[in-house]
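A.B. asks: Protein chains in written order, with numbering that gives the first Met the number 0: chain A, 0 to 279; chain B, 0 to 279; chain C, 0 to 279.
Any given hint could be a false lead.
One copy or any two copies: either way a pair holds, since identical chains are not told apart in the list.
What the hints assert, rightly or not - Only pairs whose alpha carbons sit at most 25 angstroms apart, straight line, appear in this in silico PhoX-like list of lysine-lysine:
(1) K118 <-> K231
(2) K172 <-> K109
(3) K104 <-> K178
(4) K178 <-> K231
Derived by calculation from the structure, the hints in this document are not laboratory data.
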Amino acid sequence: MQKALLVFQSDFGLVDGAVSAMHGVANTVDDSIKIHDLTHDIPPYSIWEASYRLFQTIEYWPKGTVFVSVVDPGVGSSRRSVVAETVGGQYIVTPDNGTLTHIKKYVGFKEVREIDETKHRREDTEHSYTFHGRDVYANIGAKLASGNISFEQVGSTVDLALTVELEVGKVEKGQNYVKGAIDILDVRFGSLWTNIPRDVFVGVGFKHGDSVEVAIRNGSTMVYNNRITYGKSFADVYASEQIIYVNSVYNMAIAINQGNFARAYNIGTGRHWQIEFRRV
Amino acid sequence: MQKALLVFQSDFGLVDGAVSAMHGVANTVDDSIKIHDLTHDIPPYSIWEASYRLFQTIEYWPKGTVFVSVVDPGVGSSRRSVVAETVGGQYIVTPDNGTLTHIKKYVGFKEVREIDETKHRREDTEHSYTFHGRDVYANIGAKLASGNISFEQVGSTVDLALTVELEVGKVEKGQNYVKGAIDILDVRFGSLWTNIPRDVFVGVGFKHGDSVEVAIRNGSTMVYNNRITYGKSFADVYASEQIIYVNSVYNMAIAINQGNFARAYNIGTGRHWQIEFRRV
Amino acid sequence: MQKALLVFQSDFGLVDGAVSAMHGVANTVDDSIKIHDLTHDIPPYSIWEASYRLFQTIEYWPKGTVFVSVVDPGVGSSRRSVVAETVGGQYIVTPDNGTLTHIKKYVGFKEVREIDETKHRREDTEHSYTFHGRDVYANIGAKLASGNISFEQVGSTVDLALTVELEVGKVEKGQNYVKGAIDILDVRFGSLWTNIPRDVFVGVGFKHGDSVEVAIRNGSTMVYNNRITYGKSFADVYASEQIIYVNSVYNMAIAINQGNFARAYNIGTGRHWQIEFRRV
Numbered sequence: 000m001q002k003a004l005l006v007f008q009s010d011f012g013l014v015d016g017a018v019s020a021m022h023g024v025a026n027t028v029d030d031s032i033k034i035h036d037l038t039h040d041i042p043p044y045s046i047w048e049a050s051y052r053l054f055q056t057i058e059y060w061p062k063g064t065v066f067v068s069v070v071d072p073g074v075g076s077s078r079r080s081v082v083a084e085t086v087g088g089q090y091i092v093t094p095d096n097g098t099l100t101h102i103k104k105y106v107g108f109k110e111v112r113e114i115d116e117t118k119h120r121r122e123d124t125e126h127s128y129t130f131h132g133r134d135v136y137a138n139i140g141a142k143l144a145s146g147n148i149s150f151e152q153v154g155s156t157v158d159l160a161l162t163v164e165l166e167v168g169k170v171e172k173g174q175n176y177v178k179g180a181i182d183i184l185d186v187r188f189g190s191l192w193t194n195i196p197r198d199v200f201v202g203v204g205f206k207h208g209d210s211v212e213v214a215i216r217n218g219s220t221m222v223y224n225n226r227i228t229y230g231k232s233f234a235d236v237y238a239s240e241q242i243i244y245v246n247s248v249y250n251m252a253i254a255i256n257q258g259n260f261a262r263a264y265n266i267g268t269g270r271h272w273q274i275e276f277r278r279v
Numbered sequence: 000m001q002k003a004l005l006v007f008q009s010d011f012g013l014v015d016g017a018v019s020a021m022h023g024v025a026n027t028v029d030d031s032i033k034i035h036d037l038t039h040d041i042p043p044y045s046i047w048e049a050s051y052r053l054f055q056t057i058e059y060w061p062k063g064t065v066f067v068s069v070v071d072p073g074v075g076s077s078r079r080s081v082v083a084e085t086v087g088g089q090y091i092v093t094p095d096n097g098t099l100t101h102i103k104k105y106v107g108f109k110e111v112r113e114i115d116e117t118k119h120r121r122e123d124t125e126h127s128y129t130f131h132g133r134d135v136y137a138n139i140g141a142k143l144a145s146g147n148i149s150f151e152q153v154g155s156t157v158d159l160a161l162t163v164e165l166e167v168g169k170v171e172k173g174q175n176y177v178k179g180a181i182d183i184l185d186v187r188f189g190s191l192w193t194n195i196p197r198d199v200f201v202g203v204g205f206k207h208g209d210s211v212e213v214a215i216r217n218g219s220t221m222v223y224n225n226r227i228t229y230g231k232s233f234a235d236v237y238a239s240e241q242i243i244y245v246n247s248v249y250n251m252a253i254a255i256n257q258g259n260f261a262r263a264y265n266i267g268t269g270r271h272w273q274i275e276f277r278r279v
Numbered sequence: 000m001q002k003a004l005l006v007f008q009s010d011f012g013l014v015d016g017a018v019s020a021m022h023g024v025a026n027t028v029d030d031s032i033k034i035h036d037l038t039h040d041i042p043p044y045s046i047w048e049a050s051y052r053l054f055q056t057i058e059y060w061p062k063g064t065v066f067v068s069v070v071d072p073g074v075g076s077s078r079r080s081v082v083a084e085t086v087g088g089q090y091i092v093t094p095d096n097g098t099l100t101h102i103k104k105y106v107g108f109k110e111v112r113e114i115d116e117t118k119h120r121r122e123d124t125e126h127s128y129t130f131h132g133r134d135v136y137a138n139i140g141a142k143l144a145s146g147n148i149s150f151e152q153v154g155s156t157v158d159l160a161l162t163v164e165l166e167v168g169k170v171e172k173g174q175n176y177v178k179g180a181i182d183i184l185d186v187r188f189g190s191l192w193t194n195i196p197r198d199v200f201v202g203v204g205f206k207h208g209d210s211v212e213v214a215i216r217n218g219s220t221m222v223y224n225n226r227i228t229y230g231k232s233f234a235d236v237y238a239s240e241q242i243i244y245v246n247s248v249y250n251m252a253i254a255i256n257q258g259n260f261a262r263a264y265n266i267g268t269g270r271h272w273q274i275e276f277r278r279v
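If we strip away everything but chain A, and leave its shape as in the complex, we get (with noise of 0.2 angstroms):
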């Protein structure tokens, strides 16, 4: 039988051995399937971003895939854990905190299931009340991807509506305007990804080449004014040049073409951090 790619995602870093005992305990589920990382460098405790990196990352997945995702401050409250079937058939193993956010609102689920713990808990694991990522997660993510038990077999299913969600922020429409949020970093490059789809940037009447008024506030603060092309790659521009461009998950992101925007101004992420485009 085929058997599925499994996939991990953490706030552990690689510092210490807590994603090799995932490894490791995926591995004595069954020592044929293949292991890949997403990430494991989501900043400690941060829910949203764990989110939205499943949502940029999974579609380049095959179906079937089964994502692990342990970023869970919670650990050890009542907090549910789930697996999510999307509805291109790929599996996400996690604690319902929020972490389901981004793929609920932009991709979808089929179906969403509780783990049973009594069931899918490493052996004798009863009294460990801090490493769900090692003991539930590795361990049931390993068994769904071997093909060791179905994805009935998980639990009993979630009401999708009950699934926790994290507030997503607003984009707003004028006719020489559209105001949205900075949601993440291109972290490596210093690049700011904003709310703002493509589609409704277009609408409008931006297009290729055109001088862009922005404005970044922090709050009440202007931190940020300044026209910048938008282009349709950093060829477009000289090296060291600011440019409007579309991101990976289509969407209006900022950059400084060989520099790091979000450094050069201090810019940071979250519903507070709010962009504005507007028609010269």
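Position chains B and C relative to chain A; hints supplied.
C.D. replies: Here is chains B and C on its own, set in the frame of chain A:
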């Protein structure tokens, strides 16, 4: 024949090609073995941390797994290179420089064999004096994992009593207190991992929910002194509250829920970092 | 049919989903190929370092291995995308922007072919202008590794003389000295890797144990000037002592045993960082 898993650990970091060269050598021996990593972010030259991370992780991997650990400040000296077989039937390939300290003390060996470099070096590398990780350890680790050689073919046995051990901090228990050392950090979250076993701690009479007096000293200097709740899991305290808990190797640990204890109080690790838990 | 290994390198870092998206694309092409990584921590936009890390690493991987290197500041411009076959029968998929410099100079190519993007892009990505790593390079790398396409099917051949090369620092040898440049750092340990081959250095008459006069200049500014022992391995000097040694690509290097030479003297890399070894 079923091949064993091969798991690498080092202080090489992942920023250049050194780890990939080891993976390449292993794949050149046999590209059907499955290769994983424990961590490559052991602080440069920290034999202690290499020893600890092995101890923390290997139990989650299947029987037969071959671990290759390369933290080797004495490369090129006359320090022995060995392969240790644990009582659980796993293998550790390493310089005999103290990297086996925790496994020897807390897990135990069946047998240790000295690597016969005349047989198990990569071909034509006799003149390479500083890349044993790639030329010796990765090579013999892959041979063992693939079944090309048996454990007996590694070389002659080493008297178990003679393998190098680092000094381990003492634990002292009184009627109302227990004292130990801060062994290591859960780096990402800044939690302190002590060398005080849960059993000894509970033996003093501490119970879940107790407020415990905690004193931390760096040598003779008091660095921290306050009361902290002994909890079952992080969910027992508020975000930003401190907690005493049992870590994944069943020793006592201290954290700030969703914060970073080590950074908050500038706390380090080693035998001179003493911690005391006292009944109120 | 035996499938080739697929090894990725980039400047994407591991903190978001970009590398995982490439792995996912490759698994979608064929989830039976084995995927590894060289490094993803190439400094952003550093074509030089991408070129060097390939040179440093590929010889340790089996014949037939397919490397995908994505450091691509010119993405979206008219720079060519190519696959190079080395004289040793390995393949490198990369933008033709200088990434092939070291391999071309020190290893050599059999043939280079330009990627025909009309055939080898992922479906429905014609409008994606900035994610060639995922949409073109990962895709064709996986096709090659899996045997879905032959090297000839990549596209038409490119005149070897026309592939882009970065300028490489010169080495100058006199009767009592040799001069060169600091090519790169062994980042983790802060060692300096020069472009001076062991053979040329030995040709000046230096022998193991010699005390060698070393001068390091940044442009015309003298940054370091002292005597250092030429050792066989780090074990030849005390901890904290400096040493001249032969690095893993058989060039001369300088380190502080268990310290960090680059950080100690604020030393950087590039052709303007000149180093001279002189007989005392």
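A.B. asks: Hint by hint, say whether it matches the structure.
C.D. replies: Quick rundown of the hints versus the structure:
1. K118 <-> K231: Intra 52 angstroms, inter 22 angstroms, cutoff 25 angstroms: inter-copy only.
2. K172 <-> K109: For K172 and K109, the Cα distance exceeds 25 angstroms both inside one copy (31 angstroms) and across copies (56 angstroms).
3. K104 <-> K178: Result: close within a single copy only, 20 angstroms intra versus 51 angstroms inter.
4. K178 <-> K231: Result: close within a single copy only, 21 angstroms intra versus 45 angstroms inter.
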